[in-house]
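Chemist: Here is how the chains run, residue by residue.
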Amino acid sequence: MELLTPSPGLVFWTSLTFIILLVILRKYAWPSILRALKVREETISFALEDAKRANEEVEMMEQQRKKIKEEARKERDLILKEARRMKSEILAEAQDTARAETQRMLEKAGRDIEKQRKDAMLEIRNTIGQLSVEIAEKILKEELSGEDKHKKVINSYLSEINFN
Amino acid sequence: MKKELLIFFLLLSGITAQASAVDPGKEEPMDAFGLIMEHISDSHQWHVIDYTNRRGYPVHINVPLPVILWHNNSLWFYTSGDFYHGNHPLPLGDDYVILRDEHFFITGQEGVLKTDEAGNIINASPLDFSITKNVASMLMSMALLLLIFLSAGKAYARYGMAPPKGFRGVLEPIILFVRDDVARSQISKDKADKFVPFLLTLFFFIWINNMIGIVPFFPGGSNLSGNISFTATLAVFSFLVINVFAVKDYWKHIFLAPGMPFLIRFLLVPLEFIGILTKPFALMVRLFANITAGHIIILSLISIIFIIKSIYIAPVSILLSLVMFMLELLVAVLQAYIFTLLTALFIGMSTTKSEH
Amino acid sequence: MEAISFTAVGLGLIVLGAGIGIGKIGQAALEAMSRQPEMSSKIQTVMIVAAALIEGVSLFAIVVAWLVD
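Chains as they are written, first to last, in the working numbering: chain A, -12 to 151; chain B, 15 to 370; chain C, 431 to 499.
Hints listed in this document are in silico derivations from the structure and should not be mistaken for laboratory results. Careful: at least some of the hints might be erroneous.
Said to hold, decoys possible - Residues on chain C that point at chain B, a partial pick, calculated with CB under 7 Å:
{"no.": "1", "residue": "G486"}
{"no.": "2", "residue": "L489"}
{"no.": "3", "residue": "A491"}
{"no.": "4", "residue": "V493"}
As the list claims (entries may be wrong) - Computed, partial: chain C to chain B, Cβ under 8 Å:
{"no.": "5", "residue": "E485"}
{"no.": "6", "residue": "F490"}
{"no.": "7", "residue": "I492"}
Where a beta carbon is used, it is the ideal one built from N, C-alpha and C, also for glycine.
Chain A on its own, in the form it takes in the complex (with noise of 0.2 Å):
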């Protein structure tokens, strides 16, 4: 029963204790204490966030660099292949030239003989017909006499130079 009673005594001074503590603890410690804790914690999650953040930032240049080479090699594959068609489209080009060329100078050519081969005809005509006269001429000179007979000769000469 005395364990369990109250002492007045013992309540003031514990009274009187605990709010000495609690007054001066409160004022001069425990706010620095406190606020020391919570400005290191708040540095320190500073500081991991600014080395993820470093660290995604060097993520993230790699990555770019990764995607300036795939970019390169694109280009390059494109040049490449360009390149390639050109020479091939080129190549079919300069065939086609040739062949146009050769085409014409072979037309050209053939006009040439063509035409030469007419002219060659006309003059052989005409040497043919000075011939004829300077034939008949002769013929004349020497045989009057039997005209149909004669005419026969020059017409089987006539026919026997038949050019076409």
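Place chains B and C on chain A using the hints.
Modeler: For chains B and C alone, coordinates are given in the frame of chain A:
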């Protein structure tokens, strides 16, 4: 290691046995209950040691403590040695005062105490504001706490950013534990930090007094945190903090019990109202009972040696009490933690706005 | 003598009840912790609070028994 411990205890028991062998006969039967009661209750002097000197006279070394009495609207100061030496009453204004079983009684000049049929003293008592053993030990704990935390505070203000060194390294995890796992986990986020200084002070005050109570020799051994006055005062502080900072919802919840049928409300409101008082009451009784029980068990285990009067029981008894001391170290911090945790829990309950 | 023995029986019952209650809390907490080790610190806090509440009630009863005695 274990072997060494055993040898140590055997040596220790040998010393005890020698001491009791030197003691001449004429032994009274041991009053274990009285001894235990004397150790766990308050006293007006601080007992240091008793021994028998070379000439065979028993020597009691006690530290006298100041006695402060409030009588007839004035304070009276004495030293407790005057009351213990010789049993004559000391003048207190027009009356006289005498100390009997650690209580002051107002008497006439002859110091006669009147008793009723049951043997209880019916004399009036002055209000006793003495610096008793418990108060002295509490003042010592206050000095210790101020020394520790003011220096720690200064150190933190100066080297706050550096990792904690030395004693701060011990304090810091505990402070962080109280802040994070007691305050912030029980009280809502925005309000928790306001109560952290109170909870920290409460925790360390209870803890250091529990620890001082465990120390078995002179500047310790007071059963302060196992004293109902001490625990009641702290419970009243908890009660005040819980209810002064309570929000409107808390009171509404208690007195209106929203969302309940009328009849249940009729039952619930008185229960809730009693709950306001039983919470700090439970805090008070828990701390008192745990610490007192620990002291009683340790003292009983030691007393076994003197009751059985055999040296062979001493190693067993000392080993058991060593185990109990270990347990008490745990209980000292556990009870401080539970007191603080439950206070935080109740603060959390009273400061949270309810959802419904 | 009879009154004292009744109080003693009552105290025994109180201790029995509190022991069973706290034991069950400990059991449940251990099971929960082994099932979800990552929640142990939270479970521990709740366990201590619940045990403390039971202890409070039993101490209350012990004090009442003491006062009645």
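Chemist: For each hint, tell me whether it holds in the structure or not.
Modeler: A quick look at each hint next to the structure:
no.: 1; hint: G486; result: 3 Å, holds
no.: 2; hint: L489; result: 5 Å, holds
no.: 3; hint: A491; result: 10 Å, violated
no.: 4; hint: V493; result: 6 Å, holds
no.: 5; hint: E485; result: 6 Å, holds
no.: 6; hint: F490; result: 6 Å, holds
no.: 7; hint: I492; result: 7 Å, holds
Hint violations for this structure: number 3 only, all remaining hints satisfied.
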